[in-house]
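In order, the protein sequences belong to chains A and B.
With the working numbering, letter number 180 in the first sequence gets 180, and the count goes up by one each step, no holes.
With the working numbering, letter number 297 in the second sequence gets 297, and the count goes up by one each step, no holes.
The set of hints was computed from the structure by calculation and includes no laboratory data.
Do not take every clue at face value.
[To be verified] Calculated lysine to aspartate or glutamate pairs in the EDC-like style (CA-CA distance at most 20 Å, straight line):
(1) Lys275/B / Glu3/B
(2) Lys302/B / Asp133/A
(3) Lys539/B / Glu124/A
(4) Lys302/B / Glu209/A
(5) Lys132/A / Asp96/A
(6) Lys308/B / Glu79/A
(7) Lys24/A / Glu3/B
(8) Lys12/A / Asp91/A
(9) Lys534/B / Asp91/A
(10) Lys12/A / Glu223/A
(11) Lys472/B / Asp96/A
(12) Lys389/B / Asp91/A
(13) Lys205/A / Glu238/A
(14) Lys302/B / Glu237/A
(15) Lys80/A / Glu223/B
(16) Lys186/A / Glu237/A
(17) Lys389/B / Glu237/A
(18) Lys99/B / Asp188/B
(19) Lys182/A / Glu222/A
(20) Lys302/B / Asp91/A
(21) Lys159/A / Asp133/A
(22) Lys389/B / Glu223/A
(23) Lys539/B / Asp133/A
(24) Lys534/B / Glu237/A
(25) Lys76/A / Glu3/B
(26) Lys233/A / Glu223/A
(27) Lys185/A / Asp96/A
(28) Lys80/A / Asp11/B
(29) Lys76/A / Glu537/B
[What the hints assert, rightly or not] Partial list, computed: chain A residues near chain B (C-beta under 7 Å):
(30) Leu110
(31) Lys185
(32) Ala188
[What the hints assert, rightly or not] Residues of chain B placed beyond 10 Å of chain A at every Cβ, according to the derived structure:
(33) Ile311
(34) Leu317
(35) Phe393
(36) Thr396
(37) Ala434
(38) Leu509
Glycine included, C-beta positions come from ideal geometry on N, C-alpha and C.
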Amino acid sequence: MAEQNVKFAAIKTTDLSKHFDHIKAVRSVNLEIHTSQIYALIGPNGSGKTTLIKLLVGLLTPTHGSASISGYDIVKEGEKAKECFGYISDDPTPYDYLSGIEFLTLTGNLRRLTPSIIRERISELLSLFPIKDIVYQNMGLYSRGNRQKLAFLASLLAKPRLLIIDEPIVGLDPTSIDIFGKTLKKFARNGGTVFFATHILSFAKMYAERVGIMHSGRIVREEDISRNIPLEKWYEEEAKKSP
Amino acid sequence: MREIIVFCALDILSIIRWYRAQTISKILVLLGFGLVFVMVTTGIFLYTLLFFKDLARYETYGFLTANYMMHAAIVVLFWLSLGSSVASYTTHLFIPSKKNDYLLTLPVASSKLVWWFFIRSFFLNTILISFIILPVLVSFGIAFFNSTLFIFFLGALTLILLLVLSSNSIGGLISYLIAPHLKGKGIDAVFLCLLIFIAIAILLAKLIFPQELTMLRHAEANEFLKIYNSLPLSNTFLPTYWLMQLINFGGLNFLFAILAFTFGVVLFSLDFQSKRYIFLCQLLKVHKNILKYASYKKYANKYLAFTKLPIFYKDWLSIIRSPQEIGYGVFLLSLAFFFFLILSRAGNLGDMDKKANVDFVIFSFVWLLFFTTCYLLRLVFPLMAREGKSAWFLFTLPISIERIVWSKMLLNLVLVIPHIILAMLMWLLLPFDAPVGTLAAISAFSVLLLAFSNGFLGTIAPNFPQGGDPEKVSTSTMGIATLVASITITAILGYTIYQFLNGVWPANLAIMITFGIGILTILSLNSLSSYFSKQYEFK
Chain A
1 MAEQNVKFAA IKTTDLSKHF DHIKAVRSVN LEIHTSQIYA LIGPNGSGKT
51 TLIKLLVGLL TPTHGSASIS GYDIVKEGEK AKECFGYISD DPTPYDYLSG
101 IEFLTLTGNL RRLTPSIIRE RISELLSLFP IKDIVYQNMG LYSRGNRQKL
151 AFLASLLAKP RLLIIDEPIV GLDPTSIDIF GKTLKKFARN GGTVFFATHI
201 LSFAKMYAER VGIMHSGRIV REEDISRNIP LEKWYEEEAK KSP
Chain B
1 MREIIVFCAL DILSIIRWYR AQTISKILVL LGFGLVFVMV TTGIFLYTLL
51 FFKDLARYET YGFLTANYMM HAAIVVLFWL SLGSSVASYT THLFIPSKKN
101 DYLLTLPVAS SKLVWWFFIR SFFLNTILIS FIILPVLVSF GIAFFNSTLF
151 IFFLGALTLI LLLVLSSNSI GGLISYLIAP HLKGKGIDAV FLCLLIFIAI
201 AILLAKLIFP QELTMLRHAE ANEFLKIYNS LPLSNTFLPT YWLMQLINFG
251 GLNFLFAILA FTFGVVLFSL DFQSKRYIFL CQLLKVHKNI LKYASYKKYA
301 NKYLAFTKLP IFYKDWLSII RSPQEIGYGV FLLSLAFFFF LILSRAGNLG
351 DMDKKANVDF VIFSFVWLLF FTTCYLLRLV FPLMAREGKS AWFLFTLPIS
401 IERIVWSKML LNLVLVIPHI ILAMLMWLLL PFDAPVGTLA AISAFSVLLL
451 AFSNGFLGTI APNFPQGGDP EKVSTSTMGI ATLVASITIT AILGYTIYQF
501 LNGVWPANLA IMITFGIGIL TILSLNSLSS YFSKQYEFK
């Protein structure tokens with residue numbers, strides 16, 4: 001796995017805020033996610049989940065506050081922070097002029113892996129999902145689910161310590177959802193950290209260890225979860241509260 | 001008929017509504033393009049007026065030669081219009097459109113959809129053709145039909161409409177015939193079509209501008225008519241000959257002949273298209289991105305693994321694997337080559353004094369930079385914006401923004417090489433009495449300067465949300481700002497050459513000014529790009 005500052009939290013935010021003109025999309029979020037944890041962020045549409053994730057991965061710059069990945073500030077030490085995580089967007093639109101295998105190879109090259117390691121890792125990862133038949137095809141022809149699978153494989157390619165995923169299972173069939181969830185579990189067992197945002201409460205309940213409920217740009221509740229927690233009830237309770 | 005009117009009204013409504021959001025910047029874009037339109041049209045008008053007035057000094061020789069040149073321009077335009085129609089029809093058939101897919105589920109006869117698309121294509125082609133032919137026709141009319149200008153213009157407008165109607169109909173026929181054979185062939189098919197188009201264009205140029213044309217000037221009256229009547233475009237069976245007769249003499253028999261020909265072609269084409277439309281839609285629209293390869297060859301993947309320039313190579317693939325982009329680039333380059341080829345032939349027809357010689361050099365230089373700007377605005381300026389919806393991938397990798405920007409600049413320099421070669425070769429092709437070496441050096445550097453400017457300006461405020469559509473990126477507010485910057489650079493460099501050719505500035509000074517302005521511009525734009533590219537946000 002990629003090197004990182006193990007003494008620091010995998011993700012830490014301090015008063016993290018993002019405003020778009022008059023809209024406060026994320027308001028003073030303080031979050032600390034420890035290593036080897038699977039953390040699910042849930043919340044209704046427009047609650048600020050995607051904006052928070054984009055702030056964590058450096059696609060947006062905070063209006064106030066800061067975010068660090070494995071101790072590296074995402075704004076000031078962006079390159080070092082980005083070495084520590086793999087990311088999947090909520091809309092993993094690929095380069096429609098590359099084949100799946102080219103996309104993975106490009107990812108490996110840009111993450112500074114040697115050609116032989118790239119080949120080895122791709123071969124390992126392709127055994128996760130049954131997609132060997134389509135990897136030489138133009139990605140522009142892929143279904144939503146297959147794009148999600150490719151993006152997942154690309155995020156795992158350089159063995160990061162942290163995975164940040166926005167809507168992990170959109171477009172996936174039940175078998176692939178199961179593979180996806182189990183892979184996340186295995187990843188966490190091996191010392192990796194997973195942070196994902198989802199609308200699918202059952203997926204969060206099944207695979208996450210801790211959950212944060214986001215509403216109107218704030219994380220309004222955080223709990224460790226076990227099999228019998230009333231996640232749906234909490235979600236509804238928080239959704240009813242207006243800030 | 002009602003459905004066709006509704007579809008056309010929807011098109012008009014979509015244009016009106018497009019202007020409702022960000023109205024000011026869109027109006028600025030429109031004004032900017034309007035300005036370029038006026039400048040280019042005025043340039044063509046002034047040049048052709050100079051040319052025709054020069055010929056008008058010689059009574060018989062002048063009119064007949066000008067008439068032949070006008071006829072040749074119509075033939076060339078017909079060929080361009082045909083190419084444009086084929087491109088427009090094949091794009092309509094190949095590029096998936098949710099709107100068309102929806103329309104196909106409605107109980108509307110395919111003939112009505114065909115008619116609707118024919119009207120749209122006719123309208124767009126009329127604008128394109130008018131843009132080029134109107135200033136030429138106006139200058140021809142002023143030079144030779146000053147007393148009957150109104151009647152001449154009526155004939156000229158009829159000529160444009162008939163020219164576009166027939167080229168649009170034949171273009172539709174060709175597209176519907178070749179479309180099934182292009183399916184899934186990727187860029188190979190686009191290249192083959194372009195190659196055929198360019199080869200025929202060059203043959204056409206050679207055919208309609210034969211060597212005999214230059215002999216006309218010094219020929220005696222009898223010999224003149226003998227040569228003139230043997231020229232290829234003097235054949236009375238050519239429909240374009242009837243068109244020329246229409247504007248020259250307004251004869252009714254020619255009008256009937258050309259009307260019968262045009263409407264015959266239109267009706268046959270529309271009938272043919274209506275019968276094949278559904279079949280082609282079913283055949284071509286089953287898969288999206290039908291013109292792209294279904295899979296790619298493995299060597300690219302091997303190279304991607306070890307190249308030290310992965311972003312450059314990725315972007316290179318994005319261009320060469322996109323039929324629209326590569327097609328546009330090759331088409332524009334061929335058009336530029338074709339333009340200078342015709343200019344070289346036309347330039348041989350008259351005796352040029354020093355002033356005309358300088359004007360001709362400036363005219364050619366400005367056109368070179370105009371073609372280069374069009375090419376760069378479409379292929380180079382959007383390079384950063386093209387990351388668009390895939391930005392989530394590149395901008396979350398541990399790569400510095402400088403590396404991304406410079407990878408794109410490197411590709412920019414590779415893409416502009418054909419224009420640099422053209423900038424150096426065109427001066428050998430054109431019949432000027434001018435220092436070829438200095439002009440070639442200044443032109444090549446000017447092209448390079450435009451490439452850097454377009455590249456850097458494209459990274460200052462990339463239009464990421466519309467990155468999937470490079471055409472929209474290049475017509476955005478920043479695109480128009482880049483266009484204005486390119487025009488300014490062209491004007492300054494054109495003035496430098498003008499001063500140099502008139503002997504006001506020596507060659508060394510002209511070169512120093514060009515390089516000085518160039519390096520200052522590049523350094524300033526680099527600083528701006530470096531600052532703004534660090535502020536990117538992906539909402």
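*Satisfaction of hint between glutamate 3/B and lysine 24/A, Cα-Cα up to 20 Å*: 46 Å, violated
*Are the Cα positions of lysine 472/B and aspartate 96/A separated by 20 Å at most?*
Distance of about 18 Å is within 20 Å: holds.
_Just to be careful: measuring from the Cβ of leucine 110/A to every Cβ in chain B, is the smallest value less than 7 Å?_
Nearest chain B Cβ about 5 Å off; hint holds.
_Confirm or reject: threonine 396/B is not an interface residue toward chain A, with every Cβ-Cβ distance exceeding 10 Å._
Violated, since 5 Å does not exceed 10 Å.
*asked:* Please verify whether lysine 182/A and glutamate 222/A have alpha carbons no more than 20 Å apart.
replied: 23 Å, violated
*Taking 10 Å as the cut and beta carbons as the points, is alanine 434/B off the interface with chain A?*
43 Å, holds
*Given the hinted pair lysine 302/B and glutamate 209/A, is their alpha-carbon gap at most 20 Å?*
Given that 20 Å is the threshold and the Cα spacing comes to 40 Å, the pair is violated.
*asked:* Checking hints one by one. Is alanine 188/A an interface residue toward chain B, by the C-beta closer than 7 Å rule?
replied: At 21 Å from the nearest chain B Cβ, alanine 188/A fails the 7 Å test, so the hint is violated.
*Is the straight-line distance between the alpha-carbon of lysine 80/A and that of glutamate 223/B 20 Å or less?*
Violated, because 82 Å separates the two Cα atoms, which is more than 20 Å.
*asked:* Between the alpha carbons of lysine 539/B and glutamate 124/A, is the straight-line distance 20 Å or under?
replied: It is violated: about 34 Å lies between the C-alpha atoms, which goes past 20 Å.
*Taken at face value, is the distance from the CA of glutamate 223/A to the CA of lysine 389/B at most 20 Å?*
Outside the cut-off at roughly 34 Å; violated.
*asked:* Can you verify the interface hint for lysine 185/A: is its Cβ closer than 7 Å to any Cβ in chain B?
replied: 24 Å, violated
Checked against the numbered hints above, the structure violates hints 3, 4, 7, 8, 9, 14, 15, 16, 17, 18, 19, 20, 21, 22, 23, 24, 25, 27, 28, 31, 32, 33, 34, 35 and 36; every other hint is satisfied.
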